[in-house]
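Residues per chain are reported as follows:
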Amino acid sequence: MIEVEHLNKVYGSTSAIEDVTFNVSEGEILGFLGPNGAGKTTTMRILTGYLPATSGTARIAGFDVHEDSLAVRQKIGYLPENPPLYPEMSVQGFLFFVARIKGISAGDRKSKVAAAMERCNLTDKRHVLIRKLSKGYRQRVGIAQAIVHDPPAIILDEPTVGLDPRQIIDVRNLIKSLAGSHTIIISTHILPEVSMTCNRVAIINSGKIVATNTLDNLMSELTGGSGYELEVGGEVALAKQMLQNIPGVNLVESIPMLAREGQQIEPNRARIRVVSHPGDEPGNLIANSLLQGGFALHEMRRINATLEDVFLQLTREEKSLSPHTEADEVNIGEAA
Amino acid sequence: MGIVLGNIIAIYRRELQTYFVSPLAYAIAGIFWFLAGLFFVLILLGPEGILAAVADLELRSQRFGVPIPPIDVPYEFIKAFLDRMGWLLLFILPILSMGLYAEERKRGTLELLATSPVTNWAVAVGKLLGVLTFFITLILPLMVLEAVVLSASEPAAAWTIPLLGHFGLILLAASILSLGMFISSLTNSTILSAVLTFAVILMLLFIDLVAKVIGGQIGAVLGHLSLLKHYNNMIQGIFDSNSLILFSSYIILGIFLTAQSIDAFRFQRN
Numbered sequence: 001m002i003e004v005e006h007l008n009k010v011y012g013s014t015s016a017i018e019d020v021t022f023n024v025s026e027g028e029i030l031g032f033l034g035p036n037g038a039g040k041t042t043t044m045r046i047l048t049g050y051l052p053a054t055s056g057t058a059r060i061a062g063f064d065v066h067e068d069s070l071a072v073r074q075k076i077g078y079l080p081e082n083p084p085l086y087p088e089m090s091v092q093g094f095l096f097f098v099a100r101i102k103g104i105s106a107g108d109r110k111s112k113v114a115a116a117m118e119r120c121n122l123t124d125k126r127h128v129l130i131r132k133l134s135k136g137y138r139q140r141v142g143i144a145q146a147i148v149h150d151p152p153a154i155i156l157d158e159p160t161v162g163l164d165p166r167q168i169i170d171v172r173n174l175i176k177s178l179a180g181s182h183t184i185i186i187s188t189h190i191l192p193e194v195s196m197t198c199n200r201v202a203i204i205n206s207g208k209i210v211a212t213n214t215l216d217n218l219m220s221e222l223t224g225g226s227g228y229e230l231e232v233g234g235e236v237a238l239a240k241q242m243l244q245n246i247p248g249v250n251l252v253e254s255i256p257m258l259a260r261e262g263q264q265i266e267p268n269r270a271r272i273r274v275v276s277h278p279g280d281e282p283g284n285l286i287a288n289s290l291l292q293g294g295f296a297l298h299e300m301r302r303i304n305a306t307l308e309d310v311f312l313q314l315t316r317e318e319k320s321l322s323p324h325t326e327a328d329e330v331n332i333g334e335a336a
Numbered sequence: 001m002g003i004v005l006g007n008i009i010a011i012y013r014r015e016l017q018t019y020f021v022s023p024l025a026y027a028i029a030g031i032f033w034f035l036a037g038l039f040f041v042l043i044l045l046g047p048e049g050i051l052a053a054v055a056d057l058e059l060r061s062q063r064f065g066v067p068i069p070p071i072d073v074p075y076e077f078i079k080a081f082l083d084r085m086g087w088l089l090l091f092i093l094p095i096l097s098m099g100l101y102a103e104e105r106k107r108g109t110l111e112l113l114a115t116s117p118v119t120n121w122a123v124a125v126g127k128l129l130g131v132l133t134f135f136i137t138l139i140l141p142l143m144v145l146e147a148v149v150l151s152a153s154e155p156a157a158a159w160t161i162p163l164l165g166h167f168g169l170i171l172l173a174a175s176i177l178s179l180g181m182f183i184s185s186l187t188n189s190t191i192l193s194a195v196l197t198f199a200v201i202l203m204l205l206f207i208d209l210v211a212k213v214i215g216g217q218i219g220a221v222l223g224h225l226s227l228l229k230h231y232n233n234m235i236q237g238i239f240d241s242n243s244l245i246l247f248s249s250y251i252i253l254g255i256f257l258t259a260q261s262i263d264a265f266r267f268q269r270n
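Those protein sequence lines, which keep their order, are chains L and P.
In terms of our numbering, the first sequence opens at residue 1 and continues consecutively.
In terms of our numbering, the second sequence opens at residue 1 and continues consecutively.
Warning: the hint list may mix true and false statements.
Derived, one-sided and incomplete: chain P residues facing chain L with beta-carbon distance under 10 Å [said to hold, decoys possible]:
1. 3
2. 6
3. 27
4. 104
5. 118
6. 163
Computed cross-link-like contacts, EDC-like style, restricted to lysine to aspartate or glutamate with a CA-CA straight-line distance of at most 16 Å [what the hints assert, rightly or not]:
7. P:106 - L:88
8. L:176 - L:5
9. L:132 - L:88
10. P:106 - L:81
11. P:229 - P:208
12. L:208 - L:5
What follows is a list of derived Cβ distance ranges for each label pair [what the hints assert, rightly or not]:
13. P:26 - L:190: 38 to 48 Å
14. P:133 - L:110: 17 to 27 Å
15. L:129 - P:53: 46 to 56 Å
16. L:87 - P:58: 52 to 62 Å
17. P:106 - L:57: 48 to 58 Å
18. L:36 - P:26: 55 to 65 Å
These are computed hints drawn from the structure, not numbers from a lab.
For each residue, glycine too, the CB sits at the ideal point set by N, CA and C.
Sequences and hints are given; from them, build the entire structure.
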C-alpha cells in the first residue's frame with residue numbers, strides 16, 4: 001500500500017533523511033518511532049506530497065507521491081504536526097469544508113462528517129467555534145479532518161501530543177478501530193504508544209531507518225529476549241566465565257553495584273546481567289550451576305526487554321558508532 | 001471540471017465566511033464607509049463641492065452676462081467621486097489581500113490545502129473571488145447613495161457612465177487584489193505583505209507619470225501598463241477593449257504567479 005524506497009532529503013548542506021526505505025502493507029499500522037528531530041515529519045511531508053524528496057521514490061496505492069500528486073492526495077488523510085484548523089469556523093463547518101475539498105459528493109457529505117465527528121467524540125461540540133476548543137479537542141478535530149473522507153491511507157504526525165491521558169486512550173482506540181480497513185502510519189516519540197497501537201515499527205534516528213520489524217521480533221532480536229539479573233558472591237570473574245558457557249546464554253555482563261542506604265558495598269559480591277537467547281529459559285541451569293560451583297546466589301531476578309531498551313540500544317548504537325569512525329579517521333590522519 | 005468548480009466554490013465560501021466573522025474586516029468596512037461617505041458629501045455638498053462650484057459659475061455668468069457651457073453635474077460628480085475612490089483603494093486593498101495566503105501559512109492550514117486534491121490555481125481563484133465579493137459588498141451601499149443622488153437629477157442622468165465607472169472600479173480592485181494575493185503567498189507575515197502590496201500598487205499607479213518622464217517608445221509601453229490611466233478612461237465613460245485586456249492580464253498574472261509561488265514554496269521550504 002505504501003512503498004518508500006531510498007528517500008533522501010537535503011536542506012541546503014544538511015541532510016534531513018538518508019536512504020529511508022520501508023513498506024506498509026494494506027490494513028497495517030506502522031509506528032514511526034524516533035527522537036525529536038530524527039526526520040519523522042520530513043518523511044511524512046514527502047509521503048503526502050507536501051515536500052519533494054531530493055532523491056528516491058515513494059508510492060501510495062501504486063501512485064508516485066510526486067508524479068501523481070493529485071491522485072495520491074485523494075487517497076490519503078493527513079494530520080500534520082500542528083493540526084491545520086481555521087479558528088473562526090465551527091467544528092462542523094470546518095469538517096464540511098474539508099469534505100468539500102477532499103471531493104466527497106454532496107450527497108455523502110452529511111453522513112461522512114457526522115461519522116467522523118462520532119468517531120472522534122466531537123458530536124457535542126459540533127457547533128462550537130474551533131478557537132474556543134481546548135488543545136485536546138483541537139487535536140481531535142485535526143484527526144477528524146484526516147479521516148472524514150475515509151481515505152485508504154492515513155498519516156498521523158504525533159496524534160496524541162497535547163492530550164490528557166484519558167484522551168490519549170480514546171485516540172489510541174480510535175486508531176486501532178481504523179486498522180484493517182485503513183493503512184496507517186503514526187509518528188511518535190512516545191514508546192508505549194507504539195506497543196499499544198502498532199503492528200510494526202520503523203525506528204528512525206538522525207535521518208536513518210535503524211530498524212523495521214514487528215514489535216516482538218524487534219525486541220527479541222535486539223536484546224536477545226529476556227534475561228536475569230543476579231547478585232553473586234564469590235570469585236566474580238570465574239562465575240561470569242562459567243555462566244557464559246551455559247547453553248542458552250547469550251551475553252554476560254557486570255552491572256555496577258550501588259550501595260544501599262546505610263550499607264557498605266560488600267566485597268566479593270557483584271551484580272551480573274545474563275541475557276538469554278530468544279526462546280530459551282536457562283533460569284534453572286544458571287541457579288544450579290552457580291550453587292554447584294560453590295558461589296553464593298544472593299538475588300536472582302527476571303528482567304524483560306522493554307521497547308525502551310530496544311529504542312535506547314538502537315539510538316545509542318548509532319551514536320556510539322560515530323565517535324568510533326571519527327577516531328579512526330584521526331588515527332589514519334596521524335599515521336599519514 | 002465539475003470537481004474543480006466544486007473546489008473553487010468550497011474555497012470561495014470559506015474565504016467569504018472568514019470576512020463576515022473577522023473583526024478586522026468590520027474595521028476595514030467601517031473606515032472605508034466613513035471615508036467614502038466623507039468624500040461623497042464633500043464632493044457633492046462641500047464648500048469646494050460640485051454644487052457650490054456650479055452655483056458660483058452660474059452666479060458669475062448672470063453677473064457678467066457671459067454664457068457658460070452646459071455642465072453635466074451628475075457626470076462630473078460621479079467622475080470626481082470614483083477618482084477619489086481609486087485613491088482610497090490604494091489603502092484599503094492591501095489590507096484586504098494581506099492575509100489571503102500569509103494567514104494560511106502562519107496557521108499551517110496551507111499544509112491541509114496543499115495535501116488535499118485541490119490544484120493551486122483553484123485555491124487562488126476561489127480566494128480571489130472571495131475577497132472580491134467582500135470588496136463588492138463594501139461598495140454596494142455607496143452605489144445606493146449614488147443612485148439616490150442621480151435619480152434626483154433633472155433632467156434624468158444617464159446610467160451607463162456610472163455603471164461603466166463602477167465596473168472599472170471592480171476591475172481595478174480585482175487586478176490589485178490579484179497581485180496582492182501573490183505577494184501574500186510569498187511571506188507568512190501579513191504586515192510585510194500589506195506593505196509590499198502598497199508599494200507595488202503605488203508603483204503601478206504612478207508608472208503613468210514615470211512613463212511621461214521617460215518618453216519615447218519605452219515610455220509609451222510603460223504608459224499602457226498604468227492601471228490608473230485605464231481606470232480614469234473608464235470613469236470618464238471611455239470603454240476600450242485594451243483596458244479590459246490589461247485588467248484581465250493583471251488578474252490572470254496574479255493568479256498564475258500565486259499558483260507558481262505555492263508550488264515553488266513546496267519545493268524549497270525547510
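For each hint, the structure was consulted:
1. 3: Holds, about 6 Å.
2. 6: This hint holds: residue 6 (chain P) lies near chain L, its Cβ roughly 6 Å from the closest one there, short of 10 Å.
3. 27: violated (15 Å)
4. 104: holds (9 Å)
5. 118: holds (5 Å)
6. 163: With a minimum Cβ separation of about 34 Å from chain L (threshold 10 Å), the hint on residue 163 (chain P) is violated.
7. P:106 - L:88: It holds: about 15 Å lies between the C-alpha atoms, which stays within 16 Å.
8. L:176 - L:5: violated (26 Å)
9. L:132 - L:88: holds (9 Å)
10. P:106 - L:81: Given that 16 Å is the threshold and the Cα spacing comes to 14 Å, the pair holds.
11. P:229 - P:208: holds (7 Å)
12. L:208 - L:5: Holds - the C-alpha atoms of residue 5 (chain L) and residue 208 (chain L) are around 12 Å apart, at most 16 Å.
13. P:26 - L:190: 38 to 48 Å: holds (43 Å)
14. P:133 - L:110: 17 to 27 Å: At roughly 26 Å between Cβ atoms, residue 110 (chain L) and residue 133 (chain P) fall inside 17 to 27 Å, so the hint holds.
15. L:129 - P:53: 46 to 56 Å: holds (52 Å)
16. L:87 - P:58: 52 to 62 Å: holds (59 Å)
17. P:106 - L:57: 48 to 58 Å: violated (32 Å)
18. L:36 - P:26: 55 to 65 Å: violated (41 Å)
When each numbered hint is compared with the structure, violations occur for hints 3, 6, 8, 17, 18.
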